[in-house]
Amino acid sequence: MGKIISVANQKGGVGKTTTSISLACGLAMQGKKVLLIDLDPQFNASTGIGVDIDNSTKSMYNVLIGQETLENIIIKNLKPGVDLAPSSIDLAAADLYLLEQKDNNQNILKKQLENIKDNYDFIIIDCPPSLGLINRNGLSSSDSVLIPIQAEHYAMHGVAQLLRTIKKVKETINPRLTIEGVLVTMFDSRTRLAHDILEEVRKTFDTKVYSSYIPRNIRISESSLEGKSIFEHDPKGPGALAYGDFVREVIEQNGK
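When we follow this note's numbering, the leftmost residue of the sequence shown carries the number 295, and every step to the right adds one.
Please note: incorrect hints may appear among the correct ones.
DMTMM-like, lysine to aspartate or glutamate: derived pairs with alpha carbons at most 20 Å apart [to be verified]:
1. K327 to E408
2. K411 to E394
3. K404 to D415
4. K297 to E365
5. K502 to D437
6. K305 to E494
7. K530 to D482
8. K370 to D415
9. K327 to E526
10. K370 to D346
To be clear, the hints were calculated from the coordinates, so they are not data collected in a lab.
Only a predicted model underlies this, so the values are computations on that prediction, with no experimental measurement involved.
Put together the whole structure using the sequences plus the hints.
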């Protein structure tokens with residue numbers, strides 16, 4: 295049975311999508327079979343892993359409104375060991391559709407995943423930077439939530455609200471939901487601010503903070519623009535090394 299991990303932070307620009315792609319591809323490089331689900335209407339995880347999205351693309355929008363099954367939209371072996379359930383700009387309209395569906399509007403993805411989760415070791419869900427019904431579908435489907443936090447000003451902005459949402463989902467629709475871990479991103483070791491924020495995050499989340507942290511690195515940004523993981527774009531660079539260490543931590547803590 296696949297471990298389902300949502301990558302979430304309502305604050306944008308924290309490295310959420312890059313972390314989702316890097317985690318999915320890094321796990322696959324360690325011999326795991328992975329499904330990456332792009333739940334963000336900006337579809338950056340889809341383009342960042344090499345898919346051209348157009349009006350003909352069947353996406354998570356079609357799944358959430360009941361037009362397609364999740365299995366039917368999956369792009370197989372987009373990267374070695376990685377399948378993708380793509381997003382599209384249409385997904386932005388799904389929140390309104392879900393709001394109009396009063397019954398089980400937070401469990402659509404969960405039901406779809408029940409049919410395929412045994413085909414994967416890990417399922418990674420790149421959630422949108424919001425706390426609406428699309429996000430809740432991701433959280434209700436997941437075993438755990440991975441929270442990226444950038445080592446910059448206002449790093450903890452919005453995290454308290456995300457934690458309240460996680461708590462509410464856990465209490466109402468998904469009692470098994472836990473925090474997988476907290477990953478500090480965009481870390482600039484030259485600045486005092488970055489070290490102060492890392493210390494603050496560790497005080498707040500204690501053992502949930504990964505030992506690995508991701509440096510601020512232009513190669514990481516370049517990789518998404520080229521539709522490649524950081525492991526393909528700059529395999530020996532600091533970004534790939536840091537994400538490699540992080541992936542190994544995830545595997546170790548899951549006993550896989």
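Hint check:
1. K327 to E408: 16 Å, holds
2. K411 to E394: 28 Å, violated
3. K404 to D415: 16 Å, holds
4. K297 to E365: Distance of about 17 Å is within 20 Å: holds.
5. K502 to D437: Holds: K502 and D437 sit about 15 Å apart, inside 20 Å.
6. K305 to E494: Distance of about 17 Å is within 20 Å: holds.
7. K530 to D482: With Cα atoms ~19 Å apart, K530 and D482 stay inside 20 Å; holds.
8. K370 to D415: Distance of about 15 Å is within 20 Å: holds.
9. K327 to E526: 18 Å, holds
10. K370 to D346: 15 Å, holds
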